[in-house]
Structure formats: C-alpha cells, structure tokens
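J.: In numbering that gives the first Met the number 0, the protein residues as written are 0 to 271.
If you're looking for bench data, these hints aren't it; they were derived computationally from the structure.
Since the model is a prediction, treat every value here as computed from it, not as a measurement.
Be careful, since some hints might not be right.
What the hints assert, rightly or not - Within a straight-line C-alpha distance of at most 20 Å, the following computed SDA-like cross-link-like pairs (lysine to any residue) qualify:
| hint | residue 1 | residue 2 |
| --- | --- | --- |
| 1 | K215 | L92 |
| 2 | K14 | I1 |
| 3 | K75 | E129 |
| 4 | K204 | S216 |
| 5 | K155 | G123 |
| 6 | K254 | G269 |
| 7 | K109 | T137 |
| 8 | K141 | A106 |
| 9 | K155 | A106 |
| 10 | K224 | R236 |
| 11 | K22 | A190 |
| 12 | K224 | Y213 |
| 13 | K24 | F203 |
| 14 | K22 | H10 |
| 15 | K75 | E152 |
| 16 | K14 | A44 |
| 17 | K254 | G244 |
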Amino acid sequence: MIDGQWGFGFHVNAKAMALTIEKAKTANVAACTVFRQSHVGRLAAYPLMAMREGMIGIATADSGRSPKHVAPFGGKEARLGTNPISIAVPSDLDAPFYLDMATSAVAAGKIQLAVARGEEIPTGWIIDAEGRHTTDPTQYRKGGALLPLGGTEGYKGSGLAAMVEVLCGLLTGLGFGVEPTGRHNDGCFMAVFNVAAFRPLKEFKREVAEFARYLKSTPPSEGSKGVYYPGEIEGVREQQRLRDGIEIEDATWEKLRALARDYRLDTVLGLA
Numbered sequence: 000m001i002d003g004q005w006g007f008g009f010h011v012n013a014k015a016m017a018l019t020i021e022k023a024k025t026a027n028v029a030a031c032t033v034f035r036q037s038h039v040g041r042l043a044a045y046p047l048m049a050m051r052e053g054m055i056g057i058a059t060a061d062s063g064r065s066p067k068h069v070a071p072f073g074g075k076e077a078r079l080g081t082n083p084i085s086i087a088v089p090s091d092l093d094a095p096f097y098l099d100m101a102t103s104a105v106a107a108g109k110i111q112l113a114v115a116r117g118e119e120i121p122t123g124w125i126i127d128a129e130g131r132h133t134t135d136p137t138q139y140r141k142g143g144a145l146l147p148l149g150g151t152e153g154y155k156g157s158g159l160a161a162m163v164e165v166l167c168g169l170l171t172g173l174g175f176g177v178e179p180t181g182r183h184n185d186g187c188f189m190a191v192f193n194v195a196a197f198r199p200l201k202e203f204k205r206e207v208a209e210f211a212r213y214l215k216s217t218p219p220s221e222g223s224k225g226v227y228y229p230g231e232i233e234g235v236r237e238q239q240r241l242r243d244g245i246e247i248e249d250a251t252w253e254k255l256r257a258l259a260r261d262y263r264l265d266t267v268l269g270l271a
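Assemble the whole structure, with the sequences as input and the hints as a guide.
T.: If you want it as structure tokens, here you go:
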C-alpha cells in the first residue's frame, strides 16, 4: 500500500509502478495499491513502464469519493467513475501492444471536446438529467451522465467498472460514493508479471508480434480500413502528430492561453 500524501498523481503513480517493477524482478509477480494522490492522467503510462522492462503491466484507477460521472447499467444517476483499465505486453512490434480503455462508453474528455467544437455526439454516449438518451453534449454538464461501455450490453462495462471500484476504492480503503467536499482522490491498483518467470522473454515477444500480425491478416469487413491490434492506432497517431503537429480547436487553445496568463507563464510558453 502506497500513501501518496496528496502528491501529484503523475509522479506518485510512476514511483509506485517503478517500485512494483523492482519487486517483480525478484518475486516475479508484484502488486500495489496507491491512494491519496491527485489525477494520474493517462493510465497506460504506467503499464508501459513494465512493458519496457520485459514485463506485463496492469493498472486500474478510480476517482475515489469525488463526484461520479457514469450511470450504472439501467440507472439514470451517476454512481461510478470512468474507471479505466490498462494492460501492456512486451513484443517485437514497432508500436506497443497495449490496451487503455475507460469502462464508460466514452472518455469524459471527448464530451467536452464535442462541446468546444459545437458537434453532436453519437447516441449511446450519455443520458440527460431525466435519463433520456441524447446527442447534445451540453446535457452532460446539466445533470446528465456517461453511459457504461457496451450499449445494449452495457451491463458488461458496468460490471467492469464495479470491479475497478473494488480494487481501487475498497481495497485501498478510500471507500465508495461521494464525499461532500468532492476532493479528487485517485485510487489505483497495479500489478506486474515477470514474463521470464513463465517462459523465455525473447520467444514470448516474438509470438506476441506473430499474434498481432495474425489478427491483422483478417480480410477487412465492409467499410473497414482493416484490423489494428491493441495500441497500434495510438502508435500510428503518435508518429503522425510528431510529424504534423496536434490540431487544437480555437476554444481549447484560448483556454490554454488564459490559463498560462493566470499563472504568468504565457510569455515563457510562447502563448502571449
């Protein structure tokens, strides 16, 4: 158990994963819980640390007892977080083989992005305050809620989210529900498996790459551009954005500039 002492989540969780990796080098399997920390950011960052050490990394996260955003399957009020799950696996592939997913139908940030761009969202992403399906992203901040992953089979995403809550909220001792002050408090569960304890790492990495190519060899279905293995599309986009830059709509860019001005960093960051 690691008490983050209300530290910066990116740093606290990275330190926790580094410690878990070190333990796995001698124990072969290691796990930890982390609590009392701020937002941990992109969850995949931590399993990818284990992957780079030739190990399989797993991480799950919840938002402690801060306000919730996801309605459990069949309900209209938010009782769960987006509760992401990430798993990274070493391989010989160019782009890492990993999963990083919310257990909600969509990440909350995509709703805010749609608001900033003035776009509608697909049916099945959110419900409004009355529990009705809507394509208006502004309804999310007006008492609406994200829906669990799975659409008509949303009990699967809801069930996954509940299990993440147990690992990250109950096993850490953070508890469940919403604490009145609403202080954000990410709880995390992480585990690391030393591949070499199970079979030769070189063989495993080669076979994971062969498995990915086997998946990609599937003929594409109607309207599809083909199959991507888990993590591949993120790897492709990373290379594109390193080459071409990242497109940011004006509304988001102006918020970044305003934030920089507030902290008197606009000149330093070139955002004046």
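J.: Hints first: check each against the structure and report whether it holds.
T.: Taking the hints in turn, this is what the structure says about them:
1. K215 / L92: Measuring from Cα to Cα gives roughly 13 Å; hence the hint holds.
2. K14 / I1: Judged against 20 Å, a Cα distance of about 10 Å means the pair holds.
3. K75 / E129: holds, 7 Å
4. K204 / S216: holds, 19 Å
5. K155 / G123: Holds. K155 to G123 sits at ~14 Å (cutoff 20 Å).
6. K254 / G269: Distance of about 14 Å is within 20 Å: holds.
7. K109 / T137: holds, 12 Å
8. K141 / A106: holds, 17 Å
9. K155 / A106: holds, 16 Å
10. K224 / R236: With a Cα-Cα distance of about 15 Å, the restraint between K224 and R236 holds, given a limit of 20 Å.
11. K22 / A190: holds, 10 Å
12. K224 / Y213: Satisfied, since the Cα-Cα distance of roughly 16 Å is no more than 20 Å.
13. K24 / F203: holds, 17 Å
14. K22 / H10: Given pair K22, H10 holds - Cα atoms ~19 Å apart, limit 20 Å.
15. K75 / E152: Distance ~16 Å between K75 and E152 Cα, so the pair holds.
16. K14 / A44: Holds - the C-alpha atoms of A44 and K14 are around 12 Å apart, at most 20 Å.
17. K254 / G244: holds, 19 Å
No hint from the list above goes unmet by this structure.
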